[in-house]
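Undergrad: Make a model of the complete structure from these sequences and hints.
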Amino acid sequence: MSGRIIPILKKEFRQIARDKRSLAVLSFQPLFLLVMFGYAISLDVRHISLAIYDGEKSAQSRRLADEFGHSEYFDLKFDLASTQEIDGLMSRDQIQAALVIPADFSRRLLKDNACTVQIILDGSNAVSASTALGYIEAVVQDFSARITARALLRLGNQPFQQPVDYRPRVWYNPELRSSVFLVPGLIGFIMIVTAVISTSLSIVREKEHGTMEQILVSPIRPFELIIGKTIPYVLIALGINLAVLVASYLLFGVTVQGSYLLLLMVVLLFLVSSLGLGILISTLATTQHMAFTLSTLLTILPAFILSGFVFPIRNMPPVIRVLTFLFPGRFFLAALRSIIIKGAGLSAFWQQLIGLVLFAAVTLALSTARLRRQYRGTEGQA
Amino acid sequence: MNTIGYLVRKEFQQMRRDTRMLRIIFMSPIIQLLILGYAANLDVREIPAVVCDLDRSSRSRELAGSFFHSGYFTYAASTQAMGQVDRFLSDGKASIALIIPQGFGEKIAGSGTAVLQVIADGSESNVAISALNYTALIVGRFSNRIVLDRLDRAGIPLKPVQVKTEARVWYNPELKSRNFMVPGILAQLLMIMTMMLTSLAIVKEKENGTLEQLIVTPIRPVQLILGKLIPFILIGFIDVILSLVVALLLFGIRVRGSLLLLFGLSGVFLLSTLGLGLLISTLSRNQQQAMMTSTFFVMTPMIILSGFVFPIENMPRLIQYFTYLLPLRYFFVIIRGLFLKGSGLAELWGQALILLGFGVAILGLSALRFRKRLE
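From first to last, the protein sequence lines are chains H and P. Residue 382 is where the first sequence ends in this note's numbering, and the numbering goes up by one at each step. Residue 375 is where the second sequence ends in this note's numbering, and the numbering goes up by one at each step.
It cannot be assumed that every hint is accurate.
[Unchecked claim] Listed next, with one range per pair, are the computed distances between beta-carbon atoms:
| id | chain 1 | residue 1 | chain 2 | residue 2 | range |
| --- | --- | --- | --- | --- | --- |
| 1 | H | D142 | P | E62 | 15 to 25 Å |
| 2 | H | K111 | P | R145 | 52 to 62 Å |
| 3 | H | D87 | P | K10 | 47 to 57 Å |
[Unchecked claim] With a cut-off of at most 27 Å between alpha-carbon atoms, the simulated DSS-like pairs for lysine-lysine come out as follows:
| id | chain 1 | residue 1 | chain 2 | residue 2 |
| --- | --- | --- | --- | --- |
| 4 | P | K176 | H | K207 |
| 5 | P | K176 | P | K93 |
| 6 | P | K206 | H | K11 |
[Claimed, not checked] Partner residues aside, some chain P positions facing chain H, computed with beta carbon under 10 Å:
| id | residue |
| --- | --- |
| 7 | E11 |
| 8 | S28 |
| 9 | M82 |
| 10 | D86 |
| 11 | K159 |
| 12 | E313 |
Derived from the structure by calculation, the hints contain no laboratory data. Bear in mind that the values here come from a model prediction, so they are computed numbers and not experimental data. Yeah, the Cβ is synthetic: ideal placement off N, Cα and C, and Gly gets one too.
TA: In C-alpha cells:
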C-alpha cells in the first residue's frame, strides 16, 4: 500500500509547489501574524484616563490627586471645574474614570477620621473597569494608611507598625505581563487557522474540477488518499510551527521551560488533528465555497473564543465547556502553556494529549468513511 | 435598472437551489452568537484559593475567613504542608495561595508585625492582577481593624483615618464583560459572513468559466457588481436582525440607542466589508488564493487588532496607526456606543463618516478594478 501512497505524496507536493503564491502565503503568513499580533495583544490595564474634580482644593485633597498623577496606571487627563463635565467626557470615550473629592474632604477627615470620595467608572469594558477600580481603591487605601502613620508620628508615639506585612509573590510570570500568557495562545490560534484553511480545499477541489473521478477509478483506497493528502501538509505545517516557536523565543522571549521532545510531540499531534478537521471539512463540502464557509466559521472565531486563548474555559457555562472539546485548539493550548510557561511534565497534561489523539483519529476516520461512501456512490452509478 | 433586477433574481435563485449553503448562511450567526456569547466571559470572580494555615489561631482563621467571605475567592483546598502548595498552583487547581506562618496570631496580639505570604499564579496575568488587588484590599481592612484594637488598648485617642470609596459604574453597572463582548461578536460575525460570501463571488465564476459568459452579454460591470452586492446586503441585514433577537432573548442585552441608527450604520459598515470581499475576489486568480487572502490578511487582523478584547491604546504606536485602516475598529465603537451607552449621531458622527469614506473608496476601487479586468 505504501507503494500507492508515495505517488499521491509526490503529486500533492508538486501541486503545492506549483502554486507559488499560495505556498508563499502559507509559509510567511504565520510569521507575519505572529510578529504583528505578538506586539499588539495585551490585556494589561495601564494608562487609564482619569479626570479629577477637586471640590476642596486644599493641601490634603491635592495630595490625593497627586497620588493618582504619580501612579503608572493612570493618565491624569482633566482637572474638572464641575462634576457636570463627566457625562460628556465619558460618553465621548475621553475618560474611563472620574474621581470626585467632596468640598469638605479634609474637614471631614479631621472631624470624623473618615470621608467618602466618589468614583465614576465607564463600565462598558467590564474587564478594564474592574481592574481600574481595584487600582483606585489601592491608591486610596495607601493614602489613608499614610495619614494615619503621620498622625501617630506627630503624637510622639513610637514609629507606626503595620500589623500585617503582606508579601505577594508571583510565580511563572513575575512581571505579570499578559504576553507570557497570550503568545502561546496566539501560536495555537495562528496554527489552527493555517492548518484547517490550507487543507479544507484539498479534496473538494478535486471534486469540483472533476479530477476526483480519475482518482476514484484508480486502485487508490480512501484512507490512502487521506493519508497522502495529509502528510505533505503535516510536514509543511511542522516546519512553519517550529519557525513560529523560534520567532516567539527571539522576539517575545517566550522560553520553553519544559522538555523540547514533549513540545514536539504535542505540536505534531495538534497538527495532525487540525489537518484532520480540514480534511473532514473538505470531504463534507460539495463546493469550494462551502468548504471555505465551513472552515472559516469553524476556525476563526471558535479558535479565538473557545480555545481558552483569552477567555478562561472555567468561566464558561458547563454546556459550552463540553463544546470546547470539539476543537483541538483547547487541548493544544492547555498542553502548550503547561510546557512553555510552567515547565510541567507529562503528568500535568496527559489528558490533553489523549484528547488530541482522539480528535485526530475521529476526524480522519470520519473523512475516510465519508470518502468510502462517495466511492460506493460512483460504483453504483457505474 | 431592469438588468440589475434580473441579476439579483439570478443570484437568489442560485442561492435557493443550494439549500445546504442557505442553511449555513442563516443558522450559523445564531448558533455562533449563542455559543460564543456564553463563552466570551472575562469576569474575574471566584478565584480559586488554597490556604496553608500553619498558625491555626483564631486570628489566622479570621483572616482566611475574610478572604472567602469577600465573594472574590472560592475555597479550593487547604493544606498543612508548604510543599503541597506548589502542586495546587502548577496543576491549575488554585490561582492563589495564602500562607499564614506559625506565630501569626501571637504577633498580631502583641505589637509586632506578622507576615502573610501570598503566592499568585501569574500565568493568567489578568486573573493574578485582580487577585492581588483584592488581597491588598482584604489585608488592608484586616490591618485597620488590628490598628484600631491596638490604639484602643494603648489608650491613644486616635482613630485610623479611612478614606472610603463609593463607586458608581455607568453603562454597565454589574460590570459584566458579556455586555461588552456580545455586541463585539455580533459585529465580527457580520464581517465574517459578508466577506465570506463576497470574496469568492467573482473568482468562483472565473474559475468555473461562467464569467466569460457574463462578459459577452451587454451587462455593464457596475450592473454586475450591484447585482452581486444587493443580495449580500440583504443577507447582512437579516443577519443583523437575527443577532439582535438572540442578544435580546438569550443575553438580555438591549440596544439603548436608536435601532434605526444601528441599521443605518450597519449598512454603512457592510459597504466596506462587501467592498473588501469584492476587491479580493477580483484580485485573486483562484478560489484558494481568495480564501487565504480574506482569512489571513483581512479577517484575522480585524478580529485581533480592532479592539475586540485587546485594547488599542496598549498597542505599540506603529500598530495603532495600522488599526486606523481597519473598518471594524470604527464599527466597534459605534456598535458598543449604541448598545451600552445609548449614544446617538452626536457622539458617533466621526466614526460613521470615516466608515462611509472607507466603504465608498473600497467599493469604488473594486468596481474600477473589476471593469479593467473585464475589458
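Undergrad: Each hint: holds or not?
TA: Do the hints match the structure? See the list:
Distance hint check for D142(H) and E62(P): the Cβ-Cβ separation is about 23 Å, which falls inside the suggested range of 15 to 25 Å. In this structure the hint that K111(H) and R145(P) lie 52 to 62 Å apart at CB is violated, the actual value being about 22 Å. Here the CB-CB span from D87(H) to K10(P) is close to 52 Å, well matched to the stated 47 to 57 Å. Using a Cα cut-off of 27 Å, the hinted pair K176(P) and K207(H) is violated, with the two alpha carbons roughly 48 Å apart.
Only pairs whose Cα atoms come within 27 Å are accepted, and K176(P) paired with K93(P) is accepted, the gap being roughly 24 Å. At roughly 25 Å between alpha-carbon atoms, K206(P) and K11(H) fall within 27 Å of each other, so this suggested pair holds. Restraint check, E11(P) versus chain H: the minimum CB separation of about 13 Å is more than 10 Å; hint violated. The beta carbon of S28(P) comes within 5 Å of a beta carbon in chain H, closer than 10 Å, and the hint placing it at the interface holds.
Because the closest C-beta pair between M82(P) and chain H is about 13 Å apart, greater than 10 Å, the hint is violated. About 9 Å separates the beta-carbon of D86(P) from the nearest beta-carbon of chain H, less than 10 Å, and the hint is met. The beta carbon of K159(P) is positioned within 10 Å of a beta carbon in chain H (closest approach about 4 Å), and the interface hint is therefore held. Proximity of E313(P) to chain H holds as hinted, the smallest CB-CB distance being about 6 Å (cut-off 10 Å).
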